[in-house]
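Peer 1: Those sequence lines, one after another, are chains A and V. The number in my numbering is simply the position in the first sequence, starting from 1, with 55 added. The number in my numbering is simply the position in the second sequence, starting from 1, with 55 added.
Since the hints were made in silico from the structure, they are not lab data. There's no promise every hint is true.
All copies of an identical chain are treated as equivalent in the list; a pair is satisfied when it fits inside any one copy or across any two copies.
[Unchecked claim] Quick list of in silico lysine to any residue cross-link-like pairs, SDA-like style, CA-CA up to 20 angstroms:
| hint | residue 1 | residue 2 |
| --- | --- | --- |
| 1 | Lys111 | Ala63 |
| 2 | Lys188 | Phe358 |
| 3 | Lys286 | Glu145 |
| 4 | Lys389 | Pro101 |
| 5 | Lys188 | Leu223 |
| 6 | Lys194 | His417 |
| 7 | Lys287 | Glu429 |
| 8 | Lys194 | Gly147 |
| 9 | Lys69 | Lys111 |
| 10 | Lys385 | Pro101 |
Source: prediction; values computed, not measured.
This is what each chain is made of:
Protein chains: 2
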Amino acid sequence: MTAIPAPAAITSFKAPRRTLMGPGPSDMHPRVLAALGQPVIGHLDPAFAGMMDELKVLLRYAFQTENALTFAVSGPGSVGMETCFVNLVEPGDKVIVCRNGVFGGRMIENVERCGGVAVVVEDTWGEPVDPQKVADALKANPDTKVVAFVHAETSTGAQSDAAALCALAREAGALSIVDTVTSLGGTPVLVDAWGADAVYSGSQKCLSCAPGLSPVTFSPRAVEKVKSRKKKCQSWFMDLNLVLGYWNAENRTYHHTAPVNSLYALHESLVMLREEGLEAAWVRHRDQHLALKAGLEALGLHFVVREDARLPQLNAVYVPEGVTDAEVRKRLLKDFNLEIGAGLGPLAGKVWRFGLMGHSCHAGNVSLCLSALESVLTDMGYAMP
Amino acid sequence: MTAIPAPAAITSFKAPRRTLMGPGPSDMHPRVLAALGQPVIGHLDPAFAGMMDELKVLLRYAFQTENALTFAVSGPGSVGMETCFVNLVEPGDKVIVCRNGVFGGRMIENVERCGGVAVVVEDTWGEPVDPQKVADALKANPDTKVVAFVHAETSTGAQSDAAALCALAREAGALSIVDTVTSLGGTPVLVDAWGADAVYSGSQKCLSCAPGLSPVTFSPRAVEKVKSRKKKCQSWFMDLNLVLGYWNAENRTYHHTAPVNSLYALHESLVMLREEGLEAAWVRHRDQHLALKAGLEALGLHFVVREDARLPQLNAVYVPEGVTDAEVRKRLLKDFNLEIGAGLGPLAGKVWRFGLMGHSCHAGNVSLCLSALESVLTDMGYAMP
Numbered sequence: 056m057t058a059i060p061a062p063a064a065i066t067s068f069k070a071p072r073r074t075l076m077g078p079g080p081s082d083m084h085p086r087v088l089a090a091l092g093q094p095v096i097g098h099l100d101p102a103f104a105g106m107m108d109e110l111k112v113l114l115r116y117a118f119q120t121e122n123a124l125t126f127a128v129s130g131p132g133s134v135g136m137e138t139c140f141v142n143l144v145e146p147g148d149k150v151i152v153c154r155n156g157v158f159g160g161r162m163i164e165n166v167e168r169c170g171g172v173a174v175v176v177e178d179t180w181g182e183p184v185d186p187q188k189v190a191d192a193l194k195a196n197p198d199t200k201v202v203a204f205v206h207a208e209t210s211t212g213a214q215s216d217a218a219a220l221c222a223l224a225r226e227a228g229a230l231s232i233v234d235t236v237t238s239l240g241g242t243p244v245l246v247d248a249w250g251a252d253a254v255y256s257g258s259q260k261c262l263s264c265a266p267g268l269s270p271v272t273f274s275p276r277a278v279e280k281v282k283s284r285k286k287k288c289q290s291w292f293m294d295l296n297l298v299l300g301y302w303n304a305e306n307r308t309y310h311h312t313a314p315v316n317s318l319y320a321l322h323e324s325l326v327m328l329r330e331e332g333l334e335a336a337w338v339r340h341r342d343q344h345l346a347l348k349a350g351l352e353a354l355g356l357h358f359v360v361r362e363d364a365r366l367p368q369l370n371a372v373y374v375p376e377g378v379t380d381a382e383v384r385k386r387l388l389k390d391f392n393l394e395i396g397a398g399l400g401p402l403a404g405k406v407w408r409f410g411l412m413g414h415s416c417h418a419g420n421v422s423l424c425l426s427a428l429e430s431v432l433t434d435m436g437y438a439m440p
Numbered sequence: 056m057t058a059i060p061a062p063a064a065i066t067s068f069k070a071p072r073r074t075l076m077g078p079g080p081s082d083m084h085p086r087v088l089a090a091l092g093q094p095v096i097g098h099l100d101p102a103f104a105g106m107m108d109e110l111k112v113l114l115r116y117a118f119q120t121e122n123a124l125t126f127a128v129s130g131p132g133s134v135g136m137e138t139c140f141v142n143l144v145e146p147g148d149k150v151i152v153c154r155n156g157v158f159g160g161r162m163i164e165n166v167e168r169c170g171g172v173a174v175v176v177e178d179t180w181g182e183p184v185d186p187q188k189v190a191d192a193l194k195a196n197p198d199t200k201v202v203a204f205v206h207a208e209t210s211t212g213a214q215s216d217a218a219a220l221c222a223l224a225r226e227a228g229a230l231s232i233v234d235t236v237t238s239l240g241g242t243p244v245l246v247d248a249w250g251a252d253a254v255y256s257g258s259q260k261c262l263s264c265a266p267g268l269s270p271v272t273f274s275p276r277a278v279e280k281v282k283s284r285k286k287k288c289q290s291w292f293m294d295l296n297l298v299l300g301y302w303n304a305e306n307r308t309y310h311h312t313a314p315v316n317s318l319y320a321l322h323e324s325l326v327m328l329r330e331e332g333l334e335a336a337w338v339r340h341r342d343q344h345l346a347l348k349a350g351l352e353a354l355g356l357h358f359v360v361r362e363d364a365r366l367p368q369l370n371a372v373y374v375p376e377g378v379t380d381a382e383v384r385k386r387l388l389k390d391f392n393l394e395i396g397a398g399l400g401p402l403a404g405k406v407w408r409f410g411l412m413g414h415s416c417h418a419g420n421v422s423l424c425l426s427a428l429e430s431v432l433t434d435m436g437y438a439m440p
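So here's chain A without its partners, still in its complex pose:
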């Protein structure tokens, strides 16, 4: 009966032990791994429903919001991003998209695939978004429906002024879509204080959960827009009108089978964030960043992003002259089981990205990283300053 024979040589996969100091995923805490590996239960089980309710409360704390519609999308951050766009952008809608790295570019793709019209505000990779340019774009385009920007650009390590950008959108009567994939849990994400309307994140950065989930939150204004759409959302899976019936209803109706185990893990990582406290977590990211920064600069390396816009959890530095980017990363992985990140787009081959995210962000990792890097660079003939 089976025309395609069973493959002979494939056996169980044994994951190597790495230290993850790239742009994510970050190291998962043993407690979160244990939560993930608990036996699966039904996605309509009353015990699971109770956990989902707790998850919403914990996410509201992480996002610093009272938004009722706060939950985890059953997919990676890119699905969280697309969920925001397909629900809030209707064909013909004008959307100001700020691009200062990879993820702004992806937002433009999203707008266009929704039939929207993207007005692009460009900033150099490594720079934060310039609020003045956004103010000018809004003035020139008074019919703008949405302003979209990346709070924490994972491709460069630049942090933009989300409060200022959300305020500009709101003053102009537009909704805001904010990417906090790399910021949530690492630096202040203050959804209500900012007045942000649709905010998405990822599970595998400063929350140090398994990759594959995207926490999201929507303001009442955003929900109103979703409910008053003229045209159905183009995605069945991401349609918030349908998802609402599962995550936000008294009588949960079946929508899709939730990723039960991954949600166990997210719950645990958020319980750990609550135990530490958001502010303490922000301070920890800041402190370890300063330690890493001191060490990297002692090695003669220079940051891509100017000091006042640097994300502590994502440190992009230029690869020094005469050193081959890929070779260094390969040796760090091979000799030290240490993963750091490469550059993307115009920064490919030119920068390294050192992540200090969530559980990966502690003094031991900073020491390991600096000494391993020094050892590899020395071995390759790089002259320290």
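Given the structure of chain A, go ahead and fit chain V onto it with the hints provided.
Peer 2: Just chain V now, kept in the frame of chain A:
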């Protein structure tokens, strides 16, 4: 700084131990749970890339196909479904959709949201799709681009003749989209022998992996269609032209962060399927179904689906008169930690769905289920025949 205080009372979630005999998820084997709980590694790590290559080989075996484009979508089965539709249906395309349960209805939604025109072939819930009706619909609609149907209707337990339906599509020059969410690993899914073009499944049914992944496979004809689309795919995340660069390229380009741990688990569940052998797994599902069937009929219960179209892994029986559906399920869960499934749509309150999927499908579970059910029914005053 934190305006929203930390929630006080939320602690680690302890999942209850259940026996899962509903429509999925099914019980995960300890080996698969252990694989899931391994430390996370980077999604661009060479070790991970090697595992992804093995995963493709294992999935080709499970699907019985040589299709190069065979991988796991980073989302639940509904995302697998939507991936097939958004890539293969362009605005204005006519799509014949066979509806004999919940998931055919969801396919219609997908077609419409892609701007396609759905021609619906209706069969009663519980009946398999009638190939003659599809032949007639194709004759009446010679401009049909796609024929879509559900091989194994999870909402009723009916299995349709996928070989016949795919052949009809192919003869008419149309592509086929086939839902094998509940069949893969439980009953024969023979993608190449059927000549199917786009086939999706789920991780949490007969593969007994964590919920949240959707194995998919696309024929060369389907890939050709994707590459020659006039209009860009409306979804950035699901666009196969982009996904191809990650799953099917020599130099993997970053697309999204793969759900690393869930993919570990899928790898392990497929290694276990390979160890048992596909044909042995089909026989096991058949044998346990026959044992369950004998027991359910001895209790005086009647199947929804006629014998020759029954899925062994999804047994829908009518709730006997005088018995309250929800009360029985509640007691089974409370007193026996046993989950069975409720009816959906027009069958809500009228049927129970007993799953025998993957690792949940063994003699011990059949015994537990039958004795627990007998005990609860007797206790509620139901008179055995």
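Peer 1: For every hint, state whether the structure bears it out.
Peer 2: Here's how the hints hold up against the structure:
{"no.": "1", "hint": "Lys111 / Ala63", "result": "between (45 angstroms within a copy, 14 angstroms between copies)"}
{"no.": "2", "hint": "Lys188 / Phe358", "result": "neither (24 angstroms within a copy, 66 angstroms between copies)"}
{"no.": "3", "hint": "Lys286 / Glu145", "result": "both (7 angstroms within a copy, 18 angstroms between copies)"}
{"no.": "4", "hint": "Lys389 / Pro101", "result": "between (46 angstroms within a copy, 10 angstroms between copies)"}
{"no.": "5", "hint": "Lys188 / Leu223", "result": "within (11 angstroms within a copy, 57 angstroms between copies)"}
{"no.": "6", "hint": "Lys194 / His417", "result": "neither (45 angstroms within a copy, 67 angstroms between copies)"}
{"no.": "7", "hint": "Lys287 / Glu429", "result": "neither (56 angstroms within a copy, 47 angstroms between copies)"}
{"no.": "8", "hint": "Lys194 / Gly147", "result": "within (19 angstroms within a copy, 38 angstroms between copies)"}
{"no.": "9", "hint": "Lys69 / Lys111", "result": "between (34 angstroms within a copy, 17 angstroms between copies)"}
{"no.": "10", "hint": "Lys385 / Pro101", "result": "between (47 angstroms within a copy, 10 angstroms between copies)"}
The structure is inconsistent with the numbered hints 2, 6 and 7, although it conforms to all the rest.
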